[in-house]
Amino acid sequence: MSDISRDTMLLTTPFHSRVEAMCDLNDWGNWMGYTTPNAYFDIELEYFAIRSTTGVFDLSPMNKYRVRGPDAQRYLDRLITRDVTKIGVNRVGYAIWCDDNGQVIDDGTIFRLEDQDYRICSYQRADDWLAWNTLGFDVTIENESEAVAGLAVQGPTSCTVLTLLGCTDINQLKPFGIAHYTFEGRPLMVSRTGFTGDLGYEVWVPPESAEALWDQLFELGRDYLIKPIGSHALELARIEAGFLQANVDFMPAEEIVRVGRSRSPFELGLEWLVDFNKPLFNGRSALLREKAKGSRYRFAMLDVEGNKPAEHSFILKGDKQVGTVTSAAWCPTAKANIAYAQIEMPHGAVGDQLVAEIYYQRELHWTRLLAPCKVIDAPIFKSPKRWQTPAPPH
Amino acid sequence: MTDYDAVIIGAGHNGLICAAYLAKAGKKVLVVDGRAEPGGCASTREFAPGFSVSDCAQWLSQFDQSIVKDLDLGSAGLKLGEPKATISLQSDGDHLMLAGDTISGAGVDSADQAAYRDFKNMIRSFAKLMTTLYRGRPPKLVEQNWTDRLTLMKLGVGLKLMGRERLQDLMRIALINIYDVMNEHFSNAALKSAIALDAVTGTNMGPRSPNTVYSYLHRVTGEHLAQTGTTQVMGGMGAFGQCLAAAAEKRGATLRLGSAVQAIVKTEDRVTGVTLASGETVSAKLVISSADPTTTFRDLLGYDQMEAGIAKRVEHYRSRSGTAKLHLALSGLPEFNGVTADQLKERLVIAPSMDGMETALNPMKYRELSQLHTFDISIPTLEDPGLAPTGQHVLSAIVHYVPYAPDIGWEAGKPQLLSQLLSELEAYAPGIGALVSASELIVPSDLEASHGMTGGNWHHGELSIDQALMMRPFPGSTQYATAVEGLYLCGAGAHPGGGLQGLPGRNAAKEILKRGALS
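Going down the list, the protein sequences come from chains A and B.
Sequential numbering of the first sequence, starting at 1, is according to this note's numbering.
Sequential numbering of the second sequence, starting at 1, is according to this note's numbering.
Worth flagging that the hints you see were computed from the coordinates, not collected in a lab.
Which chain B residues stay away from chain A? Per the calculated CB distances, all over 10 Å, these:
(1) Arg117
(2) Arg124
(3) Phe186
(4) Met234
(5) Leu513
Distance windows between CB atoms, simulated:
(6) Pro279/A x Pro415/B: 43 to 53 Å
(7) Arg515/B x Asp7/A: 54 to 64 Å
(8) Asp7/A x His316/B: 30 to 40 Å
(9) Glu165/B x Leu11/A: 55 to 65 Å
(10) Ile376/A x His316/B: 41 to 51 Å
(11) Pro207/A x Glu315/B: 27 to 37 Å
Here a beta-carbon is modelled for each residue, glycine too, at the ideal position from N, C-alpha and C.
Sequences are here, hints too, so could you generate the full structure?
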């Protein structure tokens with residue numbers, strides 16, 4: 001042992017000792033300032049754990065903000081674009097929030113824990129924006145990102161594994177529902193939420209419980225082929241399932257430096273999250289104007305011919321470049337080559353035939369491929385298990 | 001059906017002018033104000049038995065002549081005093097006299113006089129350009145429409161016509177400070193500080209603060225707008241308020257004084273009226289606020305009633321002031337060293353050296369009392385004896401470098417500051433202390449309370465480039481419309497800013513009519 005302490009630039013999550021032990025590839029990435037595995041042992045096999053058995057993903061680096069006080073609901077209702085009053089106690093809602101120009105700052109989930117007690121789980125740090133939003137509201141915001149450790153437990157056998165862990169009747173939990181348990185004398189919260197488009201849960205515990213939780217999950221789940229998954233496998237699953245990723249599919253409005261690089265909900269295909277029946281929410285005026293005037297871009301899901309992922313491709317209509325790809329993957333379960341693209345209006349309507357200009361190389365030999373593609377209207381991977389209650393047995 | 005086409009918050013000069021213009025166009029307008037008298041900062045008050053004073057603004061120097069004409073104020077009984085020269089008092093009694101473009105005394109030589117004439121010509125040409133911008137709505141730079149393009153085109157032509165050298169001068173000095181500009185043009189210390197005083201009074205700044213050239217130019221626009229020189233209003237400033245109120249009422253506007261607006265009412269996604277302190281609600285198609293932006297958005301509408309970005313802008317909006325008022329009831333006419341009895345009716349200023357003025361800013365910044373102040377003095381009773389008992393006088397002074405909230409608190413701070421100010425005056429007017437039969441010190445927080453101006457800032461927000469023109473009061477709420485549907489601004493917090501010039505009220509009314517917001 002060296003007595004020279006070494007401060008690292010990246011933080012570790014409460015699961016780190018266990019994650020490190022299982023990270024056979026020693027392939028690490030920087031996720032929002034935390035050391036997290038890109039892959040543990042094999043990206044494809046990790047991906048298939050999500051789709052066929054159970055994959056466990058450490059999502060502790062997600063930002064968690066507790067919103068409490070007499071005005072908590074009113075505060076959130078002005079913050080996000082959808083109607084927060086429709087989220088009941090012990091329910092979760094997917095939401096986006098915009099700046100006054102109607103440009104998306106981030107997306108995330110809103111957990112309603114009590115009547116006037118919510119938790120926002122967001123991809124980006126949001127301390128500054130959430131603090132400014134408190135002006136005029138009797139509400140407190142607490143950043144509890146480090147006080148809550150989280151694991152996504154996703155896949156067809158996940159319900160069984162959590163039942164073994166002691167989460168009684170977890171199979172009765174509806175999608176976007178929340179259930180509370182105790183684990184070794186400390187609270188454990190389960191939400192039926194996730195980023196994979198399949199049956200799956202997110203488990204939230206105090207950091208002190210983290211290592212024991214990991215150990216027991218993998219112990220109890222061994223027969224159900226539980227596997228840890230890294231960010232690359234999750235990326236495949238989320239593209240297949242149709243989820244957007246901040247900083248990948250859109251730039252958070254608070255972070256852009258160049259004019260015009262942010263996107264509105266309409267431009268990201270998220271208009272279903274915008275409720276103009278609410279008289280006030282951040283971005284409402286600008287979004288009404290945009291609705292009347294028309295948007296600059298359209299978000300399109302593309303089914304690309306062939307099997308070469310259209311990563312970073314230009315999208316062409318005839319000879320004209322009309323868009324660029326933000327996310328792309330060959331999706332193993334759906335057996336489809338999917339790309340998300342931002343397409344200049346008026347192109348990119350469902351059914352539109354476009355061309356992806358794909359570059360790929362084999363042994364330093366670059367090839368340019370013009371792959372026809374078609375705009376599809378829904379995510380390619382649809383699992384009925386995602387919505388079934390009680391959760392189906394495997 | 002709404003009760004009124006428009007409810008105007010505040011019966012200050014801008015609110016009344018806006019009301020008069022809208023009423024003249026046939027609109028049904030109600031003006032409400034918590035104060036018992038109309039006029040806002042154009043107010044007169046008895047501060048000691050028998051002694052009345054213009055208790056906020058004391059000079060009229062910028063009031064736009066087009067409003068006098070449009071509202072026929074000449075026949076409405078407005079009486080102004082004689083234009084004043086400025087006498088900058090020197091401790092040796094050899095005072096600097098500024099009258100029009102000529103200067104004399106305080107050792108100025110012919111070189112200084114020539115430099116002053118050149119300087120005034122330059123400043124006047126810049127101010128003329130600003131006047132063009134001031135008389136209309138500020139042009140937006142990005143989302144241009146034809147009105148804005150035309151304004152920008154006119155501005156461009158104006159800049160071109162100034163000639164290359166002038167244009168270079170403007171670009172060079174517009175964003176710097178008055179201290180550097182003074183040193184560049186003049187060698188006479190008294191002259192430098194007399195001009196610097198005009199650049200800082202009414203602000204939260206010292207001569208070396210950026211934006212002081214802009215605040216000086218803003219003041220000089222008065223030479224184009226008013227063409228009256230610096231004058232006093234006979235009967236006190238309140239008479240000016242009364243005159244504007246009469247003009248508004250004559251055109252059909254209704255005034256409700258002594259009934260403060262408690263809140264701006266928002267129904268669904270737009271503003272629909274106001275509630276009064278009595279609890280009564282008045283509905284209107286538009287609410288037009290002449291209150292300052294902070295009062296309007298934070299206190300009357302409420303931050304929870306707007307998108308968060310607006311609340312953030314309001315919080316960032318700067319409206320502190322370091323300017324107070326000193327009112328003295330004098331048992332006789334004071335004597336100032338080296339000032340003839342006849343000269344006492346002029347505008348007397350005490351401006352220490354520019355370095356002294358800059359040094360005086362430091363304690364103010366750190367919430368302490370300064371040991372040095374500037375004074376802008378009026379003895380209105382010389383021209384208007386009715387303001388005091390026969391043979392007695394009123395001295396009213398605008399005093400700069402007074403903190404908004406000193407750490408020692410105003411209860412302890414006021415007597416201290418009062419005796420400090422009197423001793424500073426005593427140096428120029430020996431024996432004045434013995435003549436004082438009553439006194440009153442109005443600090444910025446008093447002005448905030450009495451006249452509803454956040455920070456006591458009489459411009460309703462610091463006059464600085466980042467809060468001016470198409471950014472006044474802040475982006476998203478310019479051109480008199482705000483980011484909140486149905487809510488407009490017509491006070492000094494809107495373009496072109498503060499001082500008794502009336503343009504925000506007039507421009508707002510014109511813009512509202514032009515947009516057809518009331519049709």
